[in-house]
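There are 2 protein chains.
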Amino acid sequence: MSEPDFHTAIELIGKRWTGVILQHLLAGPARFNELRDRIPRITDAMLSQRLKELEQAEVVERQITVARPVEIRYALTPVGTKLEPVLDAVRTWSKEWAAAHHNRD
Amino acid sequence: MSEPDFHTAIELIGKRWTGVILQHLLAGPARFNELRDRIPRITDAMLSQRLKELEQAEVVERQITVARPVEIRYALTPVGTKLEPVLDAVRTWSKEWAAAHHNRD
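Read top to bottom, the protein sequences are chains A and B. FYI, this note's numbering numbers position 5 of the first sequence as 5, with every residue one higher than the one before it. FYI, this note's numbering numbers position 26 of the second sequence as 26, with every residue one higher than the one before it.
These aren't lab readings, by the way, just hints derived from the structure by calculation. One or more hints might be untrue.
If several chains are the same, the list does not tell them apart, and a pair holds so long as it fits within one copy or across any two.
[Said to hold, decoys possible] SDA-like cross-link-like pairs, simulated, lysine to any residue; straight-line CA separation at most 20 Å:
1) LYS82 x THR43
2) LYS95 x PRO78
3) LYS15 x VAL79
4) LYS82 x GLN49
5) LYS15 x HIS102
6) LYS82 x GLU34
7) LYS82 x VAL66
8) LYS82 x ARG68
9) LYS15 x GLN63
10) LYS52 x HIS101
11) LYS95 x THR43
Assemble the whole structure, with the sequences as input and the hints as a guide.
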């Protein structure tokens, strides 16, 4: 079984902070500062790095608004929005997993 | 939105090699050497480390066979087997993602 796309995909979305960033972008495009404020403990450097990786992977794109002053917003690409069922599945599982842990405590 | 379980879960399964190891274990329990042989390029140290993390997370457990010589096999726990829809969703998305890339080449 050789599935380089699966391998690359799961490691992309599982990188530290990336899942949480994607989850916020599923709610709609957001400015850098908005994302930072919504994600406690993330640093500017880390957020910037992760957004750059997601842009390179064509999962996120930058949108420049026509309003003045110009604003840059980060948005999911069409294929990026298709991550919703993946993140939903992770969320569902994470609750089952947490419940299994608690039952043993 | 504060979802520590989601955060921890997505980073657990997205760690380098972990997704691939889980995918193989979904097919059934396997010995260490079987897993290593099925996963090209993984080192013994890395496989050992990842299995240890998954055991700590109660996603994987060691089974000791009653046969002689005794064999140790790694198996998904009940909550570990519930990762199947998560990994299926990642696989489906990885194909859409790869197709989106290829269309731009």
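We went through each hint and held it up to the structure:
In the homo-oligomer, the alpha carbons of LYS82 and THR43 never lie at most 20 Å apart, since the shortest distance is 27 Å inside one protomer and 33 Å across protomers. In the homo-oligomer, the alpha carbons of LYS95 and PRO78 lie at most 20 Å apart only across protomers (14 Å), although the nearest pairing inside one protomer, at 28 Å, exceeds that limit. Proximity of LYS15 and VAL79 under a CA criterion of 20 Å is satisfied intra-copy only: 18 Å inside one chain copy versus 22 Å between copies. For a Cα distance limit of 20 Å, the shortest separation of LYS82 from GLN49 qualifies neither inside one copy, at 22 Å, nor across copies, at 32 Å.
Proximity of LYS15 and HIS102 under a CA criterion of 20 Å is satisfied in neither setting, with 26 Å inside one chain copy and 23 Å between copies. Proximity of LYS82 to GLU34 under the C-alpha cut-off of 20 Å is found in neither arrangement, the shortest distances being 22 Å within a copy and 34 Å between copies. Taking the shortest Cα distances, LYS82 and VAL66 never come within 20 Å of each other, neither inside one copy (27 Å) nor across copies (46 Å). Taking CA atoms no more than 20 Å apart as the test, LYS82 paired with ARG68 passes in neither setting, with 31 Å inside one copy and 49 Å between copies.
Taking identical chains as interchangeable, the C-alpha atoms of LYS15 and GLN63 are never at most 20 Å apart, the minima being 24 Å within one chain and 30 Å between chains. In the homo-oligomer, the alpha carbons of LYS52 and HIS101 lie at most 20 Å apart only across protomers (17 Å), although the nearest pairing inside one protomer, at 35 Å, exceeds that limit. Taking identical chains as interchangeable, the C-alpha atoms of LYS95 and THR43 are never at most 20 Å apart, the minima being 27 Å within one chain and 32 Å between chains.
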